[in-house]
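> Chain by chain, the residues:
Protein chains: 2
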Amino acid sequence: MFLFDDRGDPMAYEQYWKKMDDKCKVVITGSQLMSYLSDPRKVCWFLEAELEEAIKKLHRVVGNAVVDGRHIVVGTGSTQLYQAALYALTTPGGPQPISVVCAAPYYSQYEQETDYLRSGLYKWAGDAYAFDKEEPYIEVVTSPNNPDGSIRKAVVNSTSNEGKHIYDLAYYWPQYTAITAAADYDIMSFTFSKSTGHAGSRIGWSIVKDEEIARKMTNFIEYSSIGVSKDSQHRAATIMGVIYNSYQDIKSDSTENFFEFGHRLMAERWSRLREVVAMNGFFSLPKFPREFCLFNGDYTESYPAFAWLKINGDIEDCEKFLKENKILSRGGKRFGSDPRFARVSMLSREDVFENFLNRLLTIKGIRNGH
Amino acid sequence: MFLFDDRGDPMAYEQYWKKMDDKCKVVITGSQLMSYLSDPRKVCWFLEAELEEAIKKLHRVVGNAVVDGRHIVVGTGSTQLYQAALYALTTPGGPQPISVVCAAPYYSQYEQETDYLRSGLYKWAGDAYAFDKEEPYIEVVTSPNNPDGSIRKAVVNSTSNEGKHIYDLAYYWPQYTAITAAADYDIMSFTFSKSTGHAGSRIGWSIVKDEEIARKMTNFIEYSSIGVSKDSQHRAATIMGVIYNSYQDIKSDSTENFFEFGHRLMAERWSRLREVVAMNGFFSLPKFPREFCLFNGDYTESYPAFAWLKINGDIEDCEKFLKENKILSRGGKRFGSDPRFARVSMLSREDVFENFLNRLLTIKGIRNGH
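For the record, the sequence lines run as chains A and B. When we follow the numbering used here, the leftmost residue of the first sequence carries the number 1, and every step to the right adds one. When we follow the numbering used here, the leftmost residue of the second sequence carries the number 1, and every step to the right adds one.
Quick caveat, the hints were computed from the structure, so don't treat them as lab data. The structure displayed is predicted, hence computed values, not measured ones. C-beta atoms are modelled at their ideal positions from N, C-alpha and C, and glycine is treated no differently. A few of these clues could be false.
To be verified - Quick list of in silico lysine-lysine cross-link-like pairs, DSS-like style, CA-CA up to 25 Å:
| id | chain 1 | residue 1 | chain 2 | residue 2 |
| --- | --- | --- | --- | --- |
| 1 | B | K323 | A | K25 |
| 2 | B | K323 | A | K42 |
| 3 | A | K18 | B | K333 |
| 4 | B | K310 | A | K19 |
| 5 | B | K25 | B | K42 |
| 6 | A | K23 | B | K25 |
| 7 | B | K333 | B | K153 |
| 8 | B | K333 | B | K320 |
| 9 | A | K123 | A | K133 |
| 10 | B | K25 | B | K56 |
| 11 | A | K153 | A | K164 |
| 12 | B | K333 | A | K216 |
| 13 | A | K18 | A | K42 |
| 14 | B | K310 | A | K25 |
Claimed, not checked - Covered by chain B, per the in silico footprint, the following chain A stretches (three or more residues, Cβ under 8 Å):
| id | segment |
| --- | --- |
| 15 | 73 to 82 |
| 16 | 270 to 283 |
If we strip away everything but chain A, and leave its shape as in the complex, we get (with noise of 0.2 Å):
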């Protein structure tokens, strides 16, 4: 049997919801949230008023993002999300298709979510490096970046000052990385998914600056799904509510708070992964700087969602290397990259990941076998 890891689905922090269980249960009866409207008035009219005030005081008490005075727009995940996003930054529409690029390696998906429905308004450009074109451009910054982990800034160097930006910060979130600054860009997105690891809810939101982009944002989410689900609005902001509660109340330490538990479990799966990586010597991994974190008042170095392996030596194709071991991944062909590098999840159950360290171990039991 294959391990399912390809997708990322976050279910490591499971463990921790099940404790959590009681204290985050949500009830909604036959006739709740039963309307298309949240509150006309708003620029983002599908926007539950809990889940607007969930998201501010989440962001405050992390300091991971400026959210006074910005508007908020909810999405079907943040995959939806980065598709209003390239909406409201290219209509109306130009002569030609605008540009959009992304440092490699980058996200193996937003080529196809740009590219699929032949959009006249925007296209896949590729790597950020190699855009050198003076026109209009949209740069998509990723960071923590997703596969690799590292912590980006914008790259293209252009003189025509015509690019657009589009942060992407699903994983900057204090299990995953130091908290340095509040990120204040025009237009940044987050995920329920990668937060809390509620990724069935498909909850994303983004804070804009600007009034008019996320008006344009709204109307892209109204003509592709007239709004958000509010039963899984309301559970986010419920769960929201719950952890930064957590932070709230001095005296309650009997449960661990979930960014420290998920600081914690990342930190042990790392230093389980660079140890079996170390002993059967076929891989290598990036190495992360240590950062002084500004929610954890300590240092850190990262410890990112996916691990991006590099396999050493002769083998060209660490895809298919891990796939001969039964190890599903990504190559890294799709992250526009080499294929030597292949992106595995390290937010996978606790069962499925001890699995894939020891089948990580057995490849090393193969090569002295022979």
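Given the coordinates of chain A, work out where chain B should sit on it, guided by the hints.
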């Protein structure tokens, strides 16, 4: 204050679900429904098994669609499924975008949902009656029709035999019209919003004959939003379950069943509207034949979710005229039709509906006063 009737928010059913609040209650704990996945072996891998089962049981009870041996694809409302169907029917794309048509008057949002991304795969081509090109096309058939409640069949008269069809059956439920047969088309879409009134949950589903089309629709929803809220899927399954169980339980006569309630409510509202319209003499309304409903076991008229008002006499813009009388509607032009028509929701909350009737009566007062 204007009546916010423009979108057709189905709040009329709230009074029914209030009585069922407890019976329809869903409880979701902190660790439930966290994964992206529902069943990786299924074509639609993010469809919860309980929702698939509930959808099939509900259609079997109502008798409005064939579900046995069909694939179910869940979407974030039927809006997302409409776009998924366009994508599924046009990939791999030919040298030019395929024309999408619908008989006028057609649902006002189809044009925008088809064209907002300027897709190279498909483009809106307007009224199906006017389409006479000998080339591939997609015809959307909405039955009962939005805005005018008529029962529809495909109308394009093409000898090229290259037409494909999407059936939007959002209103093919017993509260709106007679169920005369179990529909059995290639792609049929339904929505939780119009069947039970739970618009806030954004749950729609398509019943699809061909596995490859179902797979492509699933791919679209993956690229668009990586699936559909599990919380809302669970809630929709629960509420559908309460409905079909009510039809199994012969002894249960304490509470009216949902479709009986809906049918009675819509019949009453249409009767009151026809009375007011007859009294003031400004407007006319469509007439519907009486048909035998296999579900109710009796003859019934249609009681559509929207009233398609036509203004009589010299006034040329019905929407403008209504707006002057503080009634918000969507004018005929937006439905590819005559501006002497306008669409008004029949599904608003009771106080809003009563307000609408009173304002219609006031118009009569003004005319008499001149």
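> Tell me, which hint numbers fail for this structure?
1, 3, 4, 5, 13, 14, 16
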